[in-house]
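4 protein chains.
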Amino acid sequence: MYSFKNDYSEGAHPRILQALVDSNLEQEDGYGEDRFSQKAVELIKERLGRKDVDIHLLAGGTQTNLTTISAFLRPHEAAIAANSGHIFTHETGAIEATGHKVLSIETEDGKLTPLLVKTVLDYHTDEHMVKPKLVYISNSTEIGTIYKKEELRRLSEFCRERDLILYMDGARLGSALCSEENDIELCDIPSFVDAFYIGGTKNGSLMGEALVICREALKGDFRYHIKQKGGLLAKGRLLGIQFYELFRDNLFFDLAEHANKMSGLLAAELSKVNIQFLTQSPSNQIFPILPNEVITALQKNYGFHIWETVNTDHSAIRLVTSWATREEAVLAFIDDLKKLY
Amino acid sequence: MYSFKNDYSEGAHPRILQALVDSNLEQEDGYGEDRFSQKAVELIKERLGRKDVDIHLLAGGTQTNLTTISAFLRPHEAAIAANSGHIFTHETGAIEATGHKVLSIETEDGKLTPLLVKTVLDYHTDEHMVKPKLVYISNSTEIGTIYKKEELRRLSEFCRERDLILYMDGARLGSALCSEENDIELCDIPSFVDAFYIGGTKNGSLMGEALVICREALKGDFRYHIKQKGGLLAKGRLLGIQFYELFRDNLFFDLAEHANKMSGLLAAELSKVNIQFLTQSPSNQIFPILPNEVITALQKNYGFHIWETVNTDHSAIRLVTSWATREEAVLAFIDDLKKLY
Amino acid sequence: MYSFKNDYSEGAHPRILQALVDSNLEQEDGYGEDRFSQKAVELIKERLGRKDVDIHLLAGGTQTNLTTISAFLRPHEAAIAANSGHIFTHETGAIEATGHKVLSIETEDGKLTPLLVKTVLDYHTDEHMVKPKLVYISNSTEIGTIYKKEELRRLSEFCRERDLILYMDGARLGSALCSEENDIELCDIPSFVDAFYIGGTKNGSLMGEALVICREALKGDFRYHIKQKGGLLAKGRLLGIQFYELFRDNLFFDLAEHANKMSGLLAAELSKVNIQFLTQSPSNQIFPILPNEVITALQKNYGFHIWETVNTDHSAIRLVTSWATREEAVLAFIDDLKKLY
Amino acid sequence: MYSFKNDYSEGAHPRILQALVDSNLEQEDGYGEDRFSQKAVELIKERLGRKDVDIHLLAGGTQTNLTTISAFLRPHEAAIAANSGHIFTHETGAIEATGHKVLSIETEDGKLTPLLVKTVLDYHTDEHMVKPKLVYISNSTEIGTIYKKEELRRLSEFCRERDLILYMDGARLGSALCSEENDIELCDIPSFVDAFYIGGTKNGSLMGEALVICREALKGDFRYHIKQKGGLLAKGRLLGIQFYELFRDNLFFDLAEHANKMSGLLAAELSKVNIQFLTQSPSNQIFPILPNEVITALQKNYGFHIWETVNTDHSAIRLVTSWATREEAVLAFIDDLKKLY
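Protein chains in written order, with numbering that gives the first Met the number 0: chain A, 0 to 340; chain B, 0 to 340; chain C, 0 to 340; chain D, 0 to 340.
Simulated from the structure, these hints should not be mistaken for laboratory data. A couple of the hints might just be wrong.
Because identical chains share one entry, a pair is satisfied inside a single copy or across any pair of copies.
Capping the alpha-carbon separation at 16 Å, the derived lysine to aspartate or glutamate pairs in EDC-like fashion look like this [what the hints assert, rightly or not]:
(1) Lys338 x Asp51
(2) Lys4 x Asp28
(3) Lys117 x Asp51
(4) Lys299 x Glu268
(5) Lys148 x Glu326
(6) Lys218 x Glu126
(7) Lys50 x Glu179
(8) Lys117 x Glu180
(9) Lys44 x Asp187
(10) Lys260 x Glu326
(11) Lys132 x Asp220
(12) Lys338 x Asp53
(13) Lys260 x Asp51
(14) Lys218 x Asp187
(15) Lys132 x Glu156
(16) Lys4 x Glu32
(17) Lys50 x Glu215
(18) Lys50 x Glu292
(19) Lys130 x Asp220
(20) Lys132 x Glu107
(21) Lys338 x Asp108
(22) Lys337 x Asp28
(23) Lys148 x Asp182
(24) Lys117 x Asp21
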């Protein structure tokens, strides 16, 4: 049984484990004030070409989203998200639990545009309704699509015109940035968004997301929020060491590239036998539409999620690849699938 | 410079790191549904001699406290804590951020008694005040003291009579249970409290606390709360592997015993030169009272917190030992101190 | 200028003011423990034919909704509402501010059915999503429609089967119950829902809603929640006196009947000139679709809300009648409209 | 039986009721946008001699406190209050329910000073603790004492130096300002505090508090907060008419003066027979210490709260007078008491 269920089925890239082992008995200050965290933050700032951002290392995606959004918003302000957005559907109401409504927008491709956001703004006219204030996007999105630079630029301009905070969930930012279709560089992002995070958990770490706050007015007292929401790890070194290892050379990008290469291989081979996809995903999640009996047969040897019923005979499945996906497993899957077709 | 600042200055016990390395490429389900977490839970249940408890592995202490207390209480209900209690002073209002007041009680030794709790109950008479509902205790306490079995039994009985939830923060439970003065066994605890957690972070793990819910009525839907509060790690295996390693033999207790042995050695030697202590601590935190000039001199070579001003010339410092504290460092500290005295 | 903007443009029915004057200097206990509130509660229980319900008098609709829903739900549980539901769109995120997501359902007529609710339940499968727990309906709805007894019975049965709390917002319950199409009696409601409120503000009171809690398990400590959310008026008598006056004879129903008679007159006359309506409303809010130039002309002499753009030339307006609507004003409006047509 | 239990035992001053009657059938916009509310706001601004403040009319004290404090604070910030402060003990955790800790300070006289506040600031050193941000005071205090101008000035200066928000709960501001010992005028207050409210409920209204926001940065979007917390009355006119009546001449102050005159009479006569008081109160709440058997005897004909046990034989009771307190009742009480003495 080989799993394509997600990109967090294995532990961490071996270099990361080795870095943990090597530093294990060094005494460090707690709560992210260790030297590794500080060095990791410096490395990421260099990559971004920006000294004036604040960077915080947090344990996971939902933790990062709820801490950030609740820190940025006043009580009557709301977030806007695609209806496929992680905060809208898959975080058990974490944002609402901090007191804020999430306004959702129906989208085709999981991406927000100025026009879509404007519709929400136009609808919210007075104090009997929440005040839309933060625009939440994911790159890559929850359905594998990615933002092009021009799309991001236009959304960014719109948000600035309308005094909205633009926040990017980068749980799978590595895969987005290493996608063949991508034209955004990591160092472009701070000029477009007010805050974003660089996902480690789904790109080779045991855990960890690096939150980057770009807008000055949003930086204040942020460590209080991390602590209050339970995200300030006593052994912050655990995050620092991992991000240091990911960014001291090209490891972060190498791992994402491997994940994309594996999903690209899957997509290309499936296309050859005329399999259709639910979304046009250039990143590490793909959603092929298969006959239900083929799905049943594949389930004997492979793990994956059935994403959506397409018609009475067909469903879309989700295949996720990662830094750890073995090419032989991909080839075996393709072989097995072709035999069933 | 050697640090006695806390018990989370180093990484993890080497056996834990090795276990992470050994299991690294095995594919596991996410979110605590991996085989390691399941095995760890089974091992702890065996240690507790109880199959009917629910056990959840969480990332840190504040996260565990806020998730648990907010899950257990209705909106108008409050927690009761010693004024030295971690949730009252050192969690940045994490409990209040979930909507609940923390009622504090002045104590001598950091411990709650039926009489102290009764005072709070008697004061809260009607719906113009919060309803005290959960009693929060720490063992060992934040000032190093521990509960004796008889103390815990009486508090437990009182809470049951008054329909209060008794919750024990076990961030340093290992040290408490391995203290020479202790007469409680791990397997005794579920019969006394409604929920408690076994601290891993401060006893040899990279991170992780094992929450044990003993009262049936408090178990329902608990994973929803963990997810909502941002505590459900995608790679839950990281917690499972560590607790499995701590409890597959006696490692958890061995580590705590070492920590206690080191603090005991410190305390014994300091007593020999007639140094007084702020509290009578039989666990891994001790609070010697030293002349300020001695403190200043020690700070050149040792890290520790200055805890409290005692008088114009003296302050209490906090020395914390851990599984990783080296005996040579302790002896050197004692030597250096004696020279200064 | 005559206003059809809403059913709270005037003060209170004169009998209510007189009752306030008559009782003014009697000394009463505060916070709803006065004799008037107690008598009002008894009167309503008699009307309901139920001694075993709990009744609380609160100041307004949003206050009642947020207090009730937050008291009934645990942190991870969510409310379900029509997308036209007041709590979803017009309470500034009041429910979310207490920590709970509101899941919305697209509807044709503002009403929920078992099938619609089931769709939401089916979608929410595990702890990564909120747990739908409370079904919020309004009768009459925000777009003037009302529930028939059979519809309510079926929804009620479904909720019981699926362990959902059924809560009815009765801001305009008077108008619903006095509608010609209605077949529900006030005393039927407790057998169908777990809680509901009888709206006073929009039916002749200065303010006030009478919350009726029918399900035993939801009653406990409710006054704590009212106090905590700021709804426990020091001079609770203000609510008690008004509800006593509304229910000591048939006043509550007489007032609603007048409102309906006035909206019925409007609707009948508008239909005669072939004006279409956005919704088929048998209650005191109607939504005629008019040419935009007619709307502009009417605005010179009449106040009302423009509800929705229908096409480039037409919009729907909302006309609301109340206990205080004067028949002459209605006739004048009809005359003026016919002249414009 | 005559009640000295509180200052909200009766309805409203007759002039207020008459104003409600006179305006009853005028049609007005809802939600505080009626002409009466606007005129009331203008009148109060004139009294304050300040055009640049924002004034909002809210239904009650707890509602005002929770709406204001939650609107002003970010999630990690806390309020500071005397341990006798209403928000700390008698609002069922309303502030905590919005997510904020209330830090309490032990006081002799219910009043805060720069020194007392500084102690709290000094204790809160880093992000592991909440950040004290708002200083909550009551004038008169919950135990009847009042602030002198110099005290308020010094506290105000300290708060500005330390970037703290100073907020005054004026539930009984009328009584404070009309006290013989008072040297503050209503128009002085905006120069000292960032926000305060003028209490109507306890000074002749059926309900209602006028919140005055003085600091520019705290004004934004405040109506959203009122609506979200359930405090935006549909018939806002109910508040507007009452405050208009209170402030269109000297009624607000006349009523408070009467209340003070009655408590002064009580205090003077009790002093004559050498009765001691728990606090030196120059306002409309006094706390005489009486032998328990005297208290029991008085309870046959008079209502009041037993405030505190003083020793085995004596308790302090609370006597509250109001605009409605009849002088004959006061004299009768004094007579009866003297007979028992």
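Each hint tested on the structure:
When the C-alpha separation of Lys338 and Asp51 is checked against a cutoff of 16 Å, the pair qualifies neither within a copy, at 55 Å, nor between copies, at 48 Å. For the identical chains of this complex, Lys4 and Asp28 are inter-copy neighbours only, at 8 Å across copies versus 37 Å inside a copy, given an alpha-carbon limit of 16 Å. Taking CA atoms no more than 16 Å apart as the test, Lys117 paired with Asp51 passes in neither setting, with 30 Å inside one copy and 33 Å between copies. In this homomeric assembly, Lys299 and Glu268 never come within 16 Å of each other (Cα to Cα): the closest approach is 20 Å inside a single copy and 65 Å across copies.
Taking the shortest alpha-carbon separations for Lys148 and Glu326, neither the intra-copy value of 31 Å nor the inter-copy value of 58 Å comes in at or below 16 Å. Within a single copy, Lys218 and Glu126 get their C-alpha atoms only as close as 27 Å, which misses the 16 Å cut-off; across copies the closest is 14 Å, which meets it. In this assembly of identical chains, Lys50 and Glu179 lie within 16 Å of each other by CA distance neither inside one copy nor across copies; the values are 29 Å within and 52 Å between. Taking identical chains as interchangeable, the C-alpha atoms of Lys117 and Glu180 are never at most 16 Å apart, the minima being 27 Å within one chain and 40 Å between chains.
When the C-alpha separation of Lys44 and Asp187 is checked against a cutoff of 16 Å, the pair qualifies only within one copy, where the shortest distance is 12 Å, while the shortest distance between copies is 51 Å. In this assembly of identical chains, the alpha carbons of Lys260 and Glu326 lie at most 16 Å apart only when taken from the same copy (9 Å versus 51 Å across copies). Only between protomers do Lys132 and Asp220 lie at most 16 Å apart by alpha-carbon distance; the minimum there is 12 Å, versus 20 Å within a single protomer. For the homomeric pair Lys338 and Asp53, neither the shortest alpha-carbon distance inside one copy (52 Å) nor that between copies (45 Å) is at most 16 Å.
Within a single copy, Lys260 and Asp51 get their C-alpha atoms no closer than 34 Å, and across copies no closer than 47 Å, so neither meets the 16 Å cut-off. Neither within a single protomer nor between protomers do Lys218 and Asp187 lie at most 16 Å apart by alpha-carbon distance, with minima of 20 Å and 36 Å respectively. Taking the shortest alpha-carbon separations for Lys132 and Glu156, only the intra-copy value of 15 Å comes in at or below 16 Å, while the best inter-copy value is 34 Å. When the C-alpha separation of Lys4 and Glu32 is checked against a cutoff of 16 Å, the pair qualifies only between copies, where the shortest distance is 13 Å, while the shortest distance within a copy is 35 Å.
Taking CA atoms no more than 16 Å apart as the test, Lys50 paired with Glu215 passes inside one copy only; the shortest distance there is 12 Å, against 33 Å between copies. In this homomeric assembly, Lys50 and Glu292 never come within 16 Å of each other (Cα to Cα): the closest approach is 55 Å inside a single copy and 40 Å across copies. When the C-alpha separation of Lys130 and Asp220 is checked against a cutoff of 16 Å, the pair qualifies only between copies, where the shortest distance is 9 Å, while the shortest distance within a copy is 24 Å. Taking CA atoms no more than 16 Å apart as the test, Lys132 paired with Glu107 passes in neither setting, with 23 Å inside one copy and 29 Å between copies.
Proximity of Lys338 and Asp108 under a CA criterion of 16 Å is satisfied in neither setting, with 31 Å inside one chain copy and 51 Å between copies. In the homo-oligomer, the alpha carbons of Lys337 and Asp28 never lie at most 16 Å apart, since the shortest distance is 55 Å inside one protomer and 27 Å across protomers. With identical chains, the CA atoms of Lys148 and Asp182 are at most 16 Å apart within one copy only, with a shortest distance of 6 Å there and 59 Å across copies. In this homomeric assembly, Lys117 and Asp21 never come within 16 Å of each other (Cα to Cα): the closest approach is 52 Å inside a single copy and 46 Å across copies.
Hints 1, 3, 4, 5, 7, 8, 12, 13, 14, 18, 20, 21, 22, 24 from the earlier list are contradicted by this structure; the remaining hints agree with it.
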